[in-house]
Structures are given as C-alpha cells and as structure tokens.
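Based on the sequences and whatever the hints tell you, model everything.
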Amino acid sequence: MADTTETGVTGKAARRVEAAPAARTAQARAPRGSRLRRGLTPWLFLAAPLVLLITFTYAPVANMVAYSFTDWDGVSPELSYTGGENYVELFTRPELFEVFFVSGYYLAASVVQIVVALYFATVLSFNVRFRNFFKGVLFFPYLINGVAIGFVFLYFFQDGGTLDSILGLLGVHSDRAWLGTPVSANVSLAGVSVWRYLGLNFVLFLGAIQSIPGELYEAAELDGANRWHQFRYIIAPGIRPVLSLTVILSVSGSLSAFEVPFIMTGGATGTETFVIQTVKLAFQFNKTGLASAAAVVLLLIILAVTWVQRRLVPDDKVDLV
Amino acid sequence: MTRLSRHRAARTLTYLSLVVASVVVLLPLLVVLLTSLKSEQEMANDSGALQLPDDPLNFDNYVTAFQDGRMLSAFGNTAIILLFSVTGTVIIGSMAAYAIDRYTFRARKLVVALFLVATLVPGVTTQVATFQIVDSFGMFDTRWAPIVLYMGTDIVSIYIFLQFVRSIPISLDESARLDGANAFTIYRKIILPLLKPAIATVVIVKGITVYNDFYIPFLYMPSEDLGVISTSLFRFKGPFGAHWENISAGAVLVILPTLLVFLFLQRYIYNGFTRGATK
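Protein chains in written order, with the UniProt record's numbering: chain A, 1 to 321; chain B, 1 to 279.
Take these hints with a grain of salt, some might be off.
Stated by the list, open to error - Capping the alpha-carbon separation at 30 Å, the derived lysine-lysine pairs in DSS-like fashion look like this: (1) 109/B x 189/B; (2) 189/B x 280/A; (3) 237/B x 109/B; (4) 135/A x 196/B.
Simulated from the structure, these hints should not be mistaken for laboratory data.
Now the structure itself:
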C-alpha cells in the first residue's frame with residue numbers, strides 16, 4: 001500500500017511538471033473567450049460538491065460556534081447572547097463533566113484493541129493455514145450493522161443469555177447483571193466496541209505489514225534474526241504511519257463513542273458518553289446553546305489530538321493533492 | 001526444549017489463539033441465529049442460550065419480523081436512500097476529482113484545503129447545527145435528509161476518485177479535445193468509464209456505510225413509515241420487549257445481506273476500507 005502511494009505521488013509530480021507549461025502555452029494561444037470559458041469549467045464541475053460541502057460541513061460548524069454563545073432552545077425565534085456561560089456550565093457542573101470519564105473506558109479498550117489487532121496482523125502475515133478464513137472472521141464484525149450488534153450483545157449479556165450459558169458450561173455460575181453496575185456495564189460496552197472495531201485496525205495493520213518487501217525478512221533470517229527481531233526491526237518501523245493513524249482514530253473514536261452504548265443501554269447506569277449527552281441536551285432538553293458548546297469542545301479536542309499526531313509523525317501522505 | 005519442539009509449541013499456540021478469536025467473533029452471532037429459530041415456547045422453557053432449536057427450519061419469527069416489525073418497508077426505504085445517495089456520491093465525487101486534478105485555477109489550493117480540513121470534522125459533533133439547516137430546507141422527516149447528508153459529507157470518496165483520475169493519462173483528454181470534445185464530454189466519455197474500479201470501490205464502501213448508518217436516520221426520520229433497517233430494527237426493542245426470538249430474527253435479517261456481500265466481494269471490501277481509512 002505504502003509503496004504504491006509513493007510512486008503515485010512522484011509520478012504525478014513529474015507529470016504535472018510536464019503538463020503545466022503545455023497548458024500555459026495552450027492558454028496563451030487561445031482567444032480570450034475560450035480562455036474565460038476554460039477558467040470557468042472547473043467551477044462548473046466543483047459547484048455541486050462545494051455547495052454541499054459548505055452547506056453541510058462548514059455552515060454547521062460556523063452556526064454551532066455561534067449558538068454556543070447563546071441560550072437558544074432550538075425552536076423559539078428569540079435567543080440572547082450569554083457569552084461564555086455555556087462553557088463555564090460545561091466545565092463546572094460535575095454531571096456534565098462526568099461523561100469524559102466514560103471515554104476512559106473506551107480509550108483503555110482501544111489500547112487493548114490495537115495490541116490484539118497488531119498481534120493477529122503479525123501472525124496472519126506469515127504463512128498460516130486457513131489464513132483467508134481467519135482474516136475474514138476477524139474483519140467481518142466491522143461490517144455489521146450497529147443496531148444488530150447492539151441486540152446481539154444485549155442477548156449476550158442478558159441474564160441467562162450467551163455469556164452466562166458459556167460460563168455455565170465452564171462450571172462458573174454467576175447471576176451477575178453484566179449491564180447492572182456502572183463499572184461492569186462500561187467494561188462490557190467497551191468490550192463490545194473492541195469486538196466491533198478490531199477488524200478495521202487488523203486489516204490496516206495487515207495491509208501495511210504485507211507491503212513490506214519479503215526480501216527483508218529473508219535477509220534478516222540469514223543474519224540470524226528471530227521472529228521478535230523481525231517484528232521489532234522490520235515490521236514495527238514499517239507500520240508506523242498506519243499505527244499513528246490508528247491511534248488518532250482510536251482517540252477520536254473513544255471520545256465520540258455513541259452507537260454501541262446508545263443502542264444497548266441508552267446511556268443508563270452511568271454509561272452516558274459525551275455524544276449521547278450532547279444529543280440528549282440538544283434534542284430532548286432543547287438546550288441547543290449548551291449542546292453546541294459541548295460539541296465545540298469535542299471538536300476542539302479532536303482537532304488538537306489530530307494536530308499533535310501530525311506534529312509527532314510528519315506524514316507526507318497528507319498532502320496527496 | 002529442543003528448537004523443533006519449541007517451534008511446534010509456538011505454532012500450536014498461534015493456532016490456538018486464532019481459534020479462540022474466531023469463537024469469540026462467531027459465537028455471539030451463532031447464538032442469535034439459533035435463538036431466531038426457536039419458538040416462543042422454547043424460549044419460555046428457558047433451556048439456555050446454547051441449546052439447539054427443536055425445529056431448525058422454524059421461520060415463524062422471520063415472518064413476524066417482516067409483518068409486525070415492518071422490515072419490508074425498511075428494506076425498501078434503505079434501498080431508495082442507497083440508490084440516490086450512492087449515485088450522487090459517485091457523480092459528485094468523480095466531478096470534484098476531475099476538476100481538481102485536471103485544471104489549474106486560482107483557488108485550487110483553497111478548494112483542496114477545504115476538502116482536507118473537512119475530513120477532520122467528525123460528523124457526530126456537528127449534527128446539533130446541521131439539524132437546523134436540514135430543517136430550514138424542509139427536509140426534516142423526509143428521505144431527502146439522509147440522501148443529501150450522505151452525498152454532501154463524503155470526502156473520502158473524493159480522495160479515492162482523485163487517486164484514480166491521476167492514473168488516467170492526460171494525453172487521452174488532449175486527443176479527445178483535438179477531436180473537438182468539450183470538458184463535459186471528456187469527463188463523461190473518457191474519465192468516467194475509466195473510473196470503473198474506483199466506482200466499484202466507492203459503491204461498496206459507501207453502500208455498506210449507508211446501509212449500517214443509524215445516527216442520521218434516527219435523528220432525521222422519526223416517523224415509522226420512513227424507518228430504514230437500522231431504525232426499524234431499533235424499534236424492535238419496544239413492542240417485542242423480551243421476545244428475543246423475534247429480535248434475533250430481525251438482527252439476522254439485517255446481518256445476512258452484509259454477509260453475502262462480504263463473501264462475494266471480499267477483495268474490493270478489504271481494499272476499499274483500507275483505502276478509505278488511510279485516505
């Protein structure tokens with residue numbers, strides 16, 4: 001994957017150098033009218049994408065920032081400017097702030113997820129029987145509908161459901177309500193999210209590992225390197241860009257965890273996440289102003305995390321264009 | 001321990017870990033499949049989740065899911081939304097990619113930056129304000145809300161198209177231009193047909209994403225008639241309360257098409273999702 005991108009980029013650069021002077025001379029020769037038309041053409045193609053992009057991405061961001069300084073309820077025509085009050089409320093009312101601790105569970109889970117995904121990607125990059133089967137099984141959960149996953153695992157954690165039955169087979173009889181206490185519920189939900197998202201991490205790692213040329217391993221083997229050495233000195237450096245991307249996806253994913261907890265518990269028993277809280281504030285309690293402030297905070301955190309990652313791991317793939 | 005036996009032990013452990021992982025993935029799904037084939041009575045007897053159903057061909061729960069759970073209209077709504085939003089994404093994405101790659105114009109850098117920065121804005125956070133905009137267009141509680149949102153916020157597919165457009169030689173455009181083709185003809189007759197592999201990737205990735213999305217239809221289409229598969233399945237929670245056999249049938253119905261698509265289009269899917277994630 002990595003090597004094809006690189007040749008793509010250099011190939012393109014070379015071609016652009018060739019193409020640019022040609023285009024310029026063509027433009028210089030062309031009469032005025034057609035030059036104008038040619039200048040207009042890209043905008044005709046870009047009109048629809050840009051209008052959609054601005055209407056549904058940039059306008060909402062701008063509005064959201066504006067709402068966050070008001071006490072608007074989302075319906076009434078009147079709203080008044082309240083300054084930074086929403087932000088103060090967000091960081092001083094403990095029950096609003098608590099949701100960040102829930103993200104901690106998902107963050108911890110994504111560490112587990114990355115380690116496990118890395119393990120299986122390494123294992124399956126070597127010659128293993130039924131490799132495609134295992135690869136498919138590990139990846140498939142990522143494709144499943146979130147609501148279906150929610151129900152599958154509600155039944156899994158149900159009293160007398162899948163988990164209790166399995167434990168029963170192993171001779172462990174527990175009548176623990178898995179989703180009954182905050183800690184147990186959050187751990188269970190974070191586990192479900194590992195089950196769901198592991199596949200993507202795994203396939204990304206596997207792709208990165210497989211794009212490492214095979215001769216490297218052979219050469220290392222000749223030098224007497226064992227599997228661990230191969231991992232440490234060949235695989236690990238080879239997947240660094242993908243690993244850093246995964247870390248970002250995990251951090252922003254943990255902060256914006258929504259589907260699994262919303263579908264399974266609706267945010268009950270201390271499993272409310274930041275996004276669930278924001279959705280409730282906005283659409284149940286009509287506190288558009290406060291909800292906007294919350295969303296702005298989340299957006300800023302995610303932008304900050306991405307920025308830190310870009311600084312730590314300068315990734316030339318970013319300026320693809 | 002000798003080298004050979006150590007090697008063998010390591011191999012066994014590797015396979016063991018793979019088998020355990022497969023069981024962890026598959027067992028919860030298999031149990032739901034089993035449950036969906038059980039009768040109400042079997043469930044009431046509480047014979048345990050791992051018990052096999054008495055009649056493995058008992059499809060009553062599926063009938064219930066279709067009739068009372070309105071899964072048929074849900075699949076219909078999902079199909080309509082899929083058709084429009086995926087077609088729209090392909091047209092919009094390929095046009096944007098064509099313009100960005102083939103033309104040098106003054107604000108080109110700015111346009112590219114606009115698309116780039118937008119990938120950083122997570123959709124879930126902005127819905128508070130997006131909702132007001134969608135509502136002001138009168139699209140709330142219509143199928144247009146998800147269609148337009150799926151089309152308008154998909155930057156990843158623009159990137160996929162961009163990579164492919166770049167690989168199409170410019171000489172093709174130029175010879176067509178010499179033959180008198182205008183920009184739109186070039187896009188329509190040369191670029192678009194050569195983008196087929198990219199279109200396949202975008203259709204699959206976008207299709208699965210739209211099929212699975214819950215948040216947008218949940219937020220924008222509250223009426224029951226407009227239920228898509230995610231929201232209709234979500235509504236099973238109420239009326240079917242503790243009827244796990246019905247809920248399971250609904251879940252299996254939703255998962256089955258995904259499984260079939262995955263089995264037939266594996267290669268595209270792996271490529272598409274890795275390309276989509278790494279942008």
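Checked hints:
Only pairs whose Cα atoms come within 30 Å are accepted, and residue 109/B paired with residue 189/B is accepted, the gap being roughly 27 Å. A distance of roughly 49 Å separates the Cα atoms of residue 189/B and residue 280/A; the hinted pair therefore is violated under the 30 Å criterion. For the suggested pair residue 237/B and residue 109/B, the alpha carbons sit about 49 Å apart, so the restraint of at most 30 Å is broken. Note on residue 135/A and residue 196/B: the hinted pairing holds, with a Cα-Cα distance of about 27 Å set against a maximum of 30 Å.
The earlier numbered hints that this structure contradicts are 2, 3.
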